[in-house]
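There are 2 protein chains.
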Amino acid sequence: MTDPRQNALEYARHNRERFLAELKEIVAIPSISTADEHKPDVIRAAEWMASHLRALGMDKVQVMPTGGHPVVYGETMKAGKDAATVLIYGHYDVQPPDPLHLWESGPFNAVQRGDYFFGRGTSDMKGQVVATLKAVEAVLRTSGLPVNVKWLIEGEEEIGSKNLGAFIKKNAAMLKADICLNPDAGMMGAELPTITYGLRGLAYMELRVYGPSKDLHSGLYGGVVHNPAQALAELIAGMHDKNGKITLPGFYDKVRKLSKREREEFARLPANKKTYLEQTGVSLLWGEPAYLPSERVGARPTLEINGLLSGWTGQGSKTVLPAHAMAKISCRLVPDQNPDEVYKQLSAYLKAKAPKDIRWELIKLTDSGWAITDVNSPGVKAMDDALKTAWGKRPLYRREGGSIGVVVQLQDYAGVESVLTGFGLPDDDIHSPNERMHLPTWYKGIESLIHFIYNMAG
Amino acid sequence: MTDPRQNALEYARHNRERFLAELKEIVAIPSISTADEHKPDVIRAAEWMASHLRALGMDKVQVMPTGGHPVVYGETMKAGKDAATVLIYGHYDVQPPDPLHLWESGPFNAVQRGDYFFGRGTSDMKGQVVATLKAVEAVLRTSGLPVNVKWLIEGEEEIGSKNLGAFIKKNAAMLKADICLNPDAGMMGAELPTITYGLRGLAYMELRVYGPSKDLHSGLYGGVVHNPAQALAELIAGMHDKNGKITLPGFYDKVRKLSKREREEFARLPANKKTYLEQTGVSLLWGEPAYLPSERVGARPTLEINGLLSGWTGQGSKTVLPAHAMAKISCRLVPDQNPDEVYKQLSAYLKAKAPKDIRWELIKLTDSGWAITDVNSPGVKAMDDALKTAWGKRPLYRREGGSIGVVVQLQDYAGVESVLTGFGLPDDDIHSPNERMHLPTWYKGIESLIHFIYNMAG
Chain A
372 MTDPRQNALE
382 YARHNRERFL
392 AELKEIVAIP
402 SISTADEHKP
412 DVIRAAEWMA
422 SHLRALGMDK
432 VQVMPTGGHP
442 VVYGETMKAG
452 KDAATVLIYG
462 HYDVQPPDPL
472 HLWESGPFNA
482 VQRGDYFFGR
492 GTSDMKGQVV
502 ATLKAVEAVL
512 RTSGLPVNVK
522 WLIEGEEEIG
532 SKNLGAFIKK
542 NAAMLKADIC
552 LNPDAGMMGA
562 ELPTITYGLR
572 GLAYMELRVY
582 GPSKDLHSGL
592 YGGVVHNPAQ
602 ALAELIAGMH
612 DKNGKITLPG
622 FYDKVRKLSK
632 REREEFARLP
642 ANKKTYLEQT
652 GVSLLWGEPA
662 YLPSERVGAR
672 PTLEINGLLS
682 GWTGQGSKTV
692 LPAHAMAKIS
702 CRLVPDQNPD
712 EVYKQLSAYL
722 KAKAPKDIRW
732 ELIKLTDSGW
742 AITDVNSPGV
752 KAMDDALKTA
762 WGKRPLYRRE
772 GGSIGVVVQL
782 QDYAGVESVL
792 TGFGLPDDDI
802 HSPNERMHLP
812 TWYKGIESLI
822 HFIYNMAG
Chain B
372 MTDPRQNALE
382 YARHNRERFL
392 AELKEIVAIP
402 SISTADEHKP
412 DVIRAAEWMA
422 SHLRALGMDK
432 VQVMPTGGHP
442 VVYGETMKAG
452 KDAATVLIYG
462 HYDVQPPDPL
472 HLWESGPFNA
482 VQRGDYFFGR
492 GTSDMKGQVV
502 ATLKAVEAVL
512 RTSGLPVNVK
522 WLIEGEEEIG
532 SKNLGAFIKK
542 NAAMLKADIC
552 LNPDAGMMGA
562 ELPTITYGLR
572 GLAYMELRVY
582 GPSKDLHSGL
592 YGGVVHNPAQ
602 ALAELIAGMH
612 DKNGKITLPG
622 FYDKVRKLSK
632 REREEFARLP
642 ANKKTYLEQT
652 GVSLLWGEPA
662 YLPSERVGAR
672 PTLEINGLLS
682 GWTGQGSKTV
692 LPAHAMAKIS
702 CRLVPDQNPD
712 EVYKQLSAYL
722 KAKAPKDIRW
732 ELIKLTDSGW
742 AITDVNSPGV
752 KAMDDALKTA
762 WGKRPLYRRE
772 GGSIGVVVQL
782 QDYAGVESVL
792 TGFGLPDDDI
802 HSPNERMHLP
812 TWYKGIESLI
822 HFIYNMAG
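Those protein sequence lines, which keep their order, are chains A and B. For reference, each letter of the first sequence is one residue, going 372 to 829 in the numbering used here. For reference, each letter of the second sequence is one residue, going 372 to 829 in the numbering used here.
Calculated from the structure, these hints are not laboratory results. Check before you lean on any hint, since a few could be wrong.
No copy labels: a pair is met if it fits in one copy or bridges any two.
[What the hints assert, rightly or not] Cut-off 25 Å, straight-line C-alpha distance, at most; resulting in silico cross-link-like pairs (DSS-like, lysine-lysine): (1) 815 / 585; (2) 644 / 585; (3) 759 / 715; (4) 644 / 727; (5) 616 / 759; (6) 715 / 628.
These figures come from a predicted structure and were not determined experimentally.
With the hints as extra help, turn the sequences into a complete structure.
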C-alpha cells in the first residue's frame, strides 16, 4: 500500500490545469465588496464558493446572511469525534481594480504570462481559497479526509470585516475547531515559507488640550497664556524617553518577554534594517536599540501620533493663539497588554504631567486585542512540517505589527487559535493593477496544504 | 489778552452740537471697505473728508489713488519752517455692521442714548477723525494754528492697510513730520487717558518635518520610524524652557531692556493678572515669572504655535504613521530684534536639535517690524501734558502686543514716530453691533487735542 499522501499529491499534480481553470472562473466574478453596483457579483461569488463546497460533499453548506455581505459555511465531520477539526478561513471579495488603464490584461479575465497568473484576486485571496479547496479535494478523492473540516469564507475582508465579529460571536459553537488555517498572510519570498503566529492589538485615543475660552490674538495675549498647541507638544514629547521607550506608568509591566527561540526566529527573518530603510524611505531607523527592527514591529508595543490639529493650518499666516489642540494617539499592543489598561496608563501620565494652566480630555476611539498562537501547538507543528516537506526548508516564524480582526475574534470569541500562512508573495501587487500569483509557489502551496491535512491527522 | 487756548476750548464747547451733527453725517455714509458694493460709499466718505479739509483751508487737498481705496491728504504749512509739523493719521472706512438684527438703532443712523452716541464708526474711528478735525478747527478759527498740520486719512484700515505701505514709501517726503498723532489706539477707561508708545513686530514661519516617503501603516512600521508628528512635538517642546523663556540661540541678545521708568509705568496699568484671566478664560496665567503680564504682552518677545497639522485629523481613527507634520510658528518681536535674525535663530535651533532621522524645512511667511516712540520726545511730552490737563491726571503708558502697519511704516519709511492715543473705550463694542462712543470722553478728547496742538508749539 502506497503512502496515501502520495496519491493525493499525484492527484493534485495531475489536475493542475483544471484547478487553474476553476480559479479563472471565480476570478471572472468581480466580487468587489466596496461597490454597491457589484452586490450581485458578490452574491454570485458566495454561491460559487457554496457550490464548490457542496461538490466536495460538505454538509450544512449555507450562504449565511450577516449585516453586510454573506458568510459561506460548510463542514464535514465524518472523520469523527476523535479526529482533529480544522477551520479554514478565506474571503471571496476583492479590491476594486482601478486604475483600469494600468492593467496589461483584463483584471477579471485571468491569464497566464510566464510563471504568473494575472488577475484581481489571484493572490488576494481567491487563489489562496482555491488552493485550500483543491488540497481538500485531492485528499478527499484519494484517501478520504482524515480530519474534520469547517469553512468560514467571508465577503467583507476588503472593507474591514465589519460584520464578522458579530457572526463569530453568534456562531462560536459552530466554528469550534482545533486550529484555524488562515492562508491570507502570505510568505516572505518564493523560497521563504512563512508562519505568522502573532498580531499586535490596538488602543486608539484622542487627546484634546484646552487653553483659553476662544481663539486669541497672539499679539494681544501672547506671553501670558500657555499655548495649547505648545502644551500638547510638551506632553507628546514626554511620552517617549531618549531611547524610544514609552514613559507611561506601567506600560511595559504586562509585556510578555520574547523567548530565546522567538528571538532566534526573528533573527532569521529577511526583514532587516535595510528592508525597513528601503520600504519607509527614511535615512535612519528609530526605536528601542535593544530590539531588532522586526521585533520592534512585531513584538514590541508602540505609541504613535496618528494626527495633530490646532489653530491655523491653511496657506499663509494667521496670528492666532489657538483655544485648543488635538492629537490622535494610538498604541500597538502585544501580549499581555490590555487596551483599557493602556487608556488608564495614558490618563495617569497626563494626570501627572499636564500643567495646571491647561485642561485636557482623553477620548477612547477604537481598540482591538492582540493575537498569539502557541508555536508548540499541534496546528503550528503540522504546518511547520508541511512547509518543510514542500519547500525542503524550515519556515520562517514572524509576528505581524498590524491587526487582523478574524484572528482576534476567533481567538477571543470561539477559542480558536490561527496558523497564518499563504502563498502570496510580497511582489504580487495585491490591491494594485496587474495583481498576480506565482504559479510554481501556488502548486507547491497546494501540496503543502495536503501535507498539513495529513499532519493534522497525527 | 486771554490765553489763546481758552478761546479755542470755548469754541469747541460752544459748537459741540454741530460737531456731533457732522459726525452723524459721516457715520451715515456706509464706507465698508471690505464690501465691493459699498465702493461708491467708500469714495463718498473720502470726498467728505477732503471737503472738510478744504473747509479748514488746508492746501494740496487730494483724494489720492492707491492700489485699493484712496488716501485723503491735505496740509497747512503756514506756521512756518521753524514750527513743529504734526501728521494726523486716521481712517474713514468701517467694519460691516452684521449681524444687523442685533442693532438697537440703525448702524448708519447715529443716535444719542444717554451719554453714548451709537453707530458704526462712532468709536472706530470716524469719531476720532472728527475729533481731530474739530480740534484743529477750534484752534484755527480762534488763534490760528501755531503748528503745521498734515493729514493722512486712509480707507483700508479695516482690511489690513494693504496698500498703505507702498503709499507711505512713495510719499515719504510729503509725509515728513515731527510726530504722527494716531488717535486709533483708544484709552483703557473713561478716566484712564492712555499713550501707547510701542508695538511688537512679527516673524511668522512654517516648520515642516518630513519622515517616511509616504504615509505608512502604523501597524506594519510602528516601532522603526521616528514619527514626524512626534519629532515635531519634541522640537516644539524644546523651544521654551520651564520658565517660559525661549531657547533659540541668541534670541534675547538684542532685546532692549525695560527702563526703570517703563517698568513703573507698566506697574500702573490696570491690565493686571485678573484682567488677563478674565479676558482669556484660562485658570492660570503662563509666562516669564520675572515680568508682569502686561510687560510680557507689550515688551517681551514670544514664540507662539499658531497651528499644527499632521496625519489624520477627521472623526474617528486612522492608523497612519504620517509622512510629515507642520507647525505655524510666529515670534512677536520687540526692539531691537529683527525678523530675519529670528528666522536664523530658529534655523540654528533646528540645526542643533533636530534628530538625524527626520528632515525639516523652515519657511518664512510674513514679518513686520516693531515700533517704538521715544517717551521723552516733544510729541509724547505734548500729549502727556494735554491729557493731564484735560483729565487732571497723568496718562497711562503702554506698549501693545500686536502690530499696527501704519505706525511701523511711518517709522521705517518716513522716519516719523507716532504718539498713539484716542478716546475710544474698551467697552465701545467696536466691530460689533451697537458700536458706541462715550460723549463726555469725546468732548474731553477734543479739548485734549486742542491742548496738544498748543503744546506742540512749545
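Legend entry - Non-conforming hints, listed in increasing numerical order: Violated hints (numbers, rising): 1, 3 and 5; every other hint is consistent with the structure.
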